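Single-letter residue listing:
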Amino acid sequence: MTLITVLITLLTLAAVTYLLSLVNSKLGAYFTIVTSLATIVMLFLIKDSIGQSYSLSFFTFKLTTVGWYFSMVMVTVYFTTAFLNPFWIKKMIYPAAYNLFFLVSLIGTIGMFFARDFITLFICWETVVWTSTFIIQMGKSRKSSYVYYVVSAIGSMVTLFAMMLVYQVSGTLEISTAFSALSGQPVLALIVFFTFILAGLSKIGIFPFHVWLPMAHGSAPHTFSPVLSGGLVKMGAFIAYLSVTAFAAYEVFANTFTIMGIPAPLYIIMVLGAISIVVGTVMAIRQDDAKKLLAYSSVANGGYILIGILLYDQIAFAGGMLHLISHALASATAFITIAIVAYRTGTTKMSELGGMIHRMPVTYTVYLIAIISMAGIPPMGGFVSKWLILQGLADRGLLFLAAAAFFGSIGSFMYVFRPLSAVFLGQLAPKYEKIKEANIMMQIPMYLLTIATLLVGVFPNVVLRVIADIQLEAGIQEIVLVGNTIVVSNGVLDALRVFIVFGYGFLIALVIFILRRKSRRVTLMDTYTSAEFIHTPELLHYSSNFYAPFERLTKKPYPVLNLYEKVSIKIKEIGHMAESLFSSSKPAITIFWIIIVFAIFFLGGVL
Amino acid sequence: MKKIFIGIFVIAFSVVFLLAISNSVDLFTYNDSLSSDSVSNGYINKNVTKNQSEVIFNETTDAETGSANIVTSIIVNYRSFDTLGEVTVLFLSAIGVSLLFGSTGKLAERKKSGFILRTAARIIFPMLLVTGTYLFTHGHLTPGGGFPGGAMIAASFLLLYLADEKFVTAIEKIKLVEGSAGTLYVLIGITGLVTGGYFLANFIPTGTVGQLISSGIIPLIYVLIGLKVGAEITSVVSRYLQEEVTS
Amino acid sequence: MTVMNFVYGFIVLLAAFIFQTALTGVNRKVTARIQKRYGPRWYQQFLDIFKALRKGSITHGWVFDFGVIMALGGIMATVIFIPVAGFEAFPNMDNVFVISYLLAVGMLGMAMSAAGSGNPWASIGVSRALTNMVAYDVPLMIVIFTLIFAFDTASVSEIAAMQQGMGVLGWNAVRMPLGGIVAFIALFGMLGKKPFDSFIAPAEIASGPMVEYGGKHLGFMFILHELMTFIEVSLILSLFFGGGSSILVYAIKYAILYTLVNIISQVMPRFKIDQAVKFFYRVPLVFAIIQGLVVIFLGWGVSVWF
Amino acid sequence: MNNPVLLIVIPLLLAFLSVIIKKAGKWLLLVGLLFNTALAFFITTGETIIGGFAPPYGINLVVDQFTLVGVILINTLMLITIVVSFDLVGKYSIVLLTALAGINGMLLTGDLFNLFVFMEITVIAAYILSAQAKKYHHTITYLVIGSVGSVLYLLGIILLYNLTGSLNMADVAAKLPLLTTKELLVPVLLIFIGIGVEVKLMPVSGWVKGVYSNANRLIAPLFASVIAGTALFVFGKLFVSVLPVSDTLTLLMLIMSVMTFVFGEFAAFNQKRVKNILLYSSIGQAGLVTALFISGLVYAAVILLISNVISKLIMFTIAGAFTEKYETDDYESLNGVFVHNKFTGIAFTIAALSMAGIPLLIGFYAKLNILIGFFQAQNYVLPAIILLMAIVEGAYIIKLLLALWAPGKEGQVSEKSFAVEKKQLLSVKNTIICLIVALVIIAGGVLIDITEKVVTDGQPLLGDQSPSFTISQSKGGE
Amino acid sequence: MIRVASLLLLMIGLYGLLSTRNVIKMIISINIMELGVNIFIVSIGFVTNGVAPILTSQVNSSLSNFVDPLPQALVLTSIVIGLGITALGLAFARKLYKKYGTYDLAKIGGMKDE
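Protein chains in written order, with this note's numbering: chain A, 1 to 607; chain B, 608 to 854; chain C, 855 to 1160; chain D, 1161 to 1638; chain E, 1639 to 1752.
It should be emphasised that the hints constitute simulated quantities derived from the structure, not laboratory data. Don't take every hint at face value.
[Claimed, not checked] Here are some of the chain B residues that sit facing chain A, going by a computed Cβ distance under 8 Å:
1. 620
2. 623
3. 803
For clarity, every value in this text was computed on a predicted model and none was experimentally measured. We treat Cβ as the ideally placed atom computed from N, Cα and C, and that holds for glycine.
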């Protein structure tokens, strides 16, 4: 069972799905679930042949643990989201194309994670970009998929420049050995580093390039947003991983000046990551659309992952890697629940929703666990990875990054709680009285993801062992795992014991609660309103501009999208100038230009 | 006002242009003899393929081209592909004009021309025709050739148009002449390819320089070109006149 | 992880509850004295709690109850982890981040049940509570971060142990003066004392999140409040004011600190919530960052008195 | 029998015949096209003399690997263009046959003046064809600029004749090194401007917008892919193997072609109508191809030319169909047109994505070769410009595709009901042909080894030794 | 001197193209340019006191130095091409006049510059 056979079977399955969905789109959608399940099974099958490399025409692949880890994260997100496809496929304008692109983008990501040379990496990267562009356009807005393509095109073109530069200097296209040629020239190393990592930054959605994230996630079809934010963001992390391992392995930045103990270029990118945490958090708090809010949270968490990976040491790197999977699970679950709410009520605007818990209790609990993990609160996975990152930062004494990280994690309580109270808790509007809970097919992914989040939270060492192998492969000191505790230079964490003690405390509280007298059930409308009687539930539900005081503080921040629009307007002006200058209906102007060209060229040539 | 600026601009440019051209060609003095490495020596001495010592009028027999008029030898023999191309250009513009003006326009009556013109036309027309045919039949001996001959014939038809207001040429027949002349020209080329191994090769013996029936296919081609050019220009002229009338 | 740990945990829990409730009672008398009145008996706090617990209360659905239980459960777990004068129910589980984030579970539980009650004022109270948390927590965390970097350990008991033996000079508040000030101010925010109590003050819109609680739920809230106070004060005590060598010393220092905070807060006005955030993000944040830079780059304050 | 001269002569013969046999015009055109395409595949490299006189004196047809690729490509493209829009040919069959002869003449001839004559034939045929759109002021502009260009070109040839004494390209190329650069400057410059008008370099391509934007489904692809392709092939042959250019002049020419590339892409970014986007994009691509030829990367230039020409063929045909069926080709008002014509949409999308340089298409293979070529020549500035322009190009192509595929305003999930009313863009036959051509684009990009063997057949193109991106290379020599 | 004159003719043609709007005038200026170039071509082949390249009874190939015949052949083709373009140009001008009623490009451009 080699990687090539895996990819080929997947491609055939994708083609079969396309044909099936031409016949009946719902059947095709179900088949996407089967295909992604098959991918998981195959990935486990090829787990033992890590280290081998394969080639197929001009593609070359190499099975690495890090590639395997990233693919597992990606495939779990794809697999769980695929369950939603059958319910949305009817709304798509091109259902067959949707199913095909859904699977092709999956294959593209796997191809990219196992790529051995630059060209394979770039080809798989671009395939994912343009397939997801055409999926996003099936959502609410074309402008967002256009912005998505442009920003990723900026990233990928600049990276292509870096790849070609390295290929020119080192003579080989192979990723692992190509960067060795850079250890000699510091200036070239700088150029290559900043250009190569740009694609990663544009994909994770780091500060200057985060513009597309809220638009694309917000308006993509509900069943593709989880994949977009849970999965595709991780491709950027992979590029960051590649550049860091290569640059560290060959001590390329050995003699560049360091800020706070970190080579300057890495520190600059980390500062960008910190800025994107702050920007992501501040913007997430102000959003009214739940999906946009979760999108900004992906920007913030992307910042965490980037800082984690770029620190490239024993603790924070493991934290970054773990945050990868915990964020993927948490944001995928959150998006799926919001999608189910949208499936039932038709809107994701928080101001129009409220009281979903009464009609959809299961979705509520799943969402609760997801946001606990996303906010990084103890019993869940998010806490362990944030704990590792913060311990790593404290160990290296990076004050400003830590400040941003603290602001991000505390801020996440705010923006995570907003959808909880606005969408699920509070008064139930009469128009949503009769909506039903999500049906079985939709609940399966929710249960799977919740169990996974719990597992990562309570037994993190299962995942950390894989991460330790990655650290060994990347050549850094691996994290120390003793039984179920994580031992770090400045702290110890036993997630299981925390969970047990939390259960113990919960038990005591429960006992006290049961011993006391039973309380009388009262409807939601019967609340203390200090003599002002309101009879319409909508009025009694507080869900719009939830954090008004905080929003007043951070007055409207400068929308970075204007920057991009200014550039495109500038290009249009130049284009218009060129058009009016050179191609007008009167021949005299062109002849005038012929004379000018002749004169300039002659004088130029002679002098 | 604008014209003055353009004027100054063009004058300035012409100074630059003259300076530029003077760089690669001597504007004022002329060379007193043909430069040795120029291709034309070959044409003059007709020793491109044969090592012809000297070409003497009325004596050298079956030279390369056998045409006394060296320019005609270049046009029809050495660089005959150019001429084929050139004929196509004319053919194409004639077709273009006929496409633009549509095929048949009805003839509105034209004002009767003056007495002198009518009678003089009747005398001059045959003379023009004869000189025209003379020109393109003696292309290889005397200056001129297919093109000026054809133009002469077209001029004679124009004269008839001017002189006789009811005169109209049968455009269909002219097109037939034009088509067949072109086809024959290409067929000669192809026979050259089949027999002599090169397209437009001279497969007829060239006879002695200076004789009327000499220099192989040149007179044939020139006759065809003369007819074709005459037909084309006449059809272009008649298109204009017909178009003029129906507007 | 033997049964004994759980028994010790329960003892710590009980002791913490009793000690803190008594102290609150005493402080209610101290507040009264400041306002020129006698104030209720010292054990009045106990009476209120038990009276509330006995009373029947209304419920707005299972979230309302579940939230309260989860909140109290989370806080009890945090209390168990708090090291008191070197004694820990569960050995080396007292990581600073674990404690501060477990605190967030309590907050989240309470917020969830408040919002679940359907009363808009409760949600407004919750949004204020969370905004207030963002306000005080960031400067505090930066100072704690500096501590972890300085002492290269994140466990509270070890930091407390490092401050023993040199008397007052050993306290972090003295070694890192700016950090100490920030921590002290943050304590006010954490406890929800006067300048930053807009989210639970009774005078505000029907006492914020607690608006729908009555009877048993109100009792839970009182216990929750007492335990949270215990956690927060003991955390700042151990990190900045040297923790206690023995339980008695710990108790005295704890009482002095709490009473001091209580007295100061009586004379304070009340910030609006965005004023609170603005306040914390001006002076305290700058102090925290300066302190951090000083410690990281100059290394002062790590060894006793430069 | 496989004498390249027949490529020129047979269409001419058929043109003259179709004047005589009036009604059989269209079928003669088809016969001519089929004959030419068939013969193109059998031609072998070598030299054929015309009229029996050796090159410096007579005219010869030079067929090296570069010209062979050109002849095969252009003839097949012309066949496809005419076959796809056979219903629109009408009375233009004679003009098209002559144009076919002219184009083959331009590609094959080895003589400078002969090239001038055939260029005139093609250009005059182009004037007549552009008059089909009844916008005569644009045709006159084209005629005026075209004739000024040809006058300058003629002047250039004569100066060269005066210096070297012969008109044959190989002979002139041999004699040029003996001359000083000062002497050579003006003739080369005049020829550059003369050809530049036809190759659509920016400052001198004032006529392009008027002519291209009004052309119909037959004429637009003919101009954009067939005539433009021939002009670029001629430019390549002239400025790589024949005329040596002093480095200052190379720099200036490079600046002009890169300026064309940049302004072309920016102007395309600014357009609202599909045809305008495509015409400015083809101006931009022409600028890039000339830049590649001038800097000597012939293989990359040829691959880019092939990919550009094929994509433009499909896109202009479909753009022509837009104006034909919907009277407008403003992509906003054509919102969701591909909802009803899925297969035409697929062909259009593949062609567009190949232009944007999406992997596994021939456009991407061309971009790879360009980058490797430039980096090999230690030139880092141009690849940066090319990649930035690739972003701009990707942007306006994706904007175009999104508008055509997804109907509905912003904020609405696109549904079939929002699309433009249902009209069939191309007949089934034409759609199939477009799809087959799209398949060639994909095959060109995926099977890159076969593409390289087909194009270069082993020999370097015009002596260009620069490496191209091959499969063994990507394996890192493992 | 003839070469300078022919190049100036070329310049006059250019001036004509630049300054006029009228289509007929444009075609005339193109003819002037063609004329200029043709004369220049012929002047390239000029040889001082050379003889016309036609063999007659008195003149045979080696006797005297001939004027260069090649430019004359080229000029013939160039004249014919000039004729072709002028014929087409005038035809377009007539159709333009029939459609827009004026020869002035500026006016037509203003109408609907499609």
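For this structure, which hints from the list above don't hold up?
The structure breaks only hint 3.
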